[in-house]
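> Residue 534 in the working numbering is what sits at position 38 of the sequence shown, and the numbering runs on without skipping anything.
Quick caveat, the hints were computed from the structure, so don't treat them as lab data.
Because the structure is a prediction, the values reported are computed rather than measured.
Just to be clear, a hint being listed does not mean it is correct.
Unchecked claim - Simulated pairs of lysine-lysine, DSS-like, Cα-Cα distance not exceeding 27 Å:
id	residue 1	residue 2
1	K508	K533
2	K527	K560
3	K560	K572
4	K527	K572
5	K572	K523
6	K533	K572
7	K572	K528
8	K572	K508
9	K533	K523
10	K508	K560
11	K508	K523
12	K508	K528
13	K527	K508
14	K533	K560
15	K560	K528
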Amino acid sequence: MEDWSINIIIEKYLAETSQPLAPHRQKTYLKKANQAKAQWIQRRASRREQELYLGNNDFDSELKRSCGEYYMELRKVLGYTPIRWYYVN
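Using the sequences and the hints, build the whole thing.
Dropping the structure here:
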């Protein structure tokens, strides 16, 4: 459930940030975003495997950490900083 929720949040973020782009730029943006997502999924799986001994994180911490990791990966792939999202407490 946790992974599903985080993926939904990331998909919503991509939908919102690609909205103002022209159609041809939107396709390029989403293609690069999916590349970043594939790399992020691999890194996240590796990190979680290495941290198995710690047990499970609470959802809030995992959400912030995972979204932050994805944002950094997206920034690397795009070559610029996309719109930043902020957490609501």
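> Taking each numbered hint in turn, which are not upheld by the structure, reported in ascending numerical order?
none
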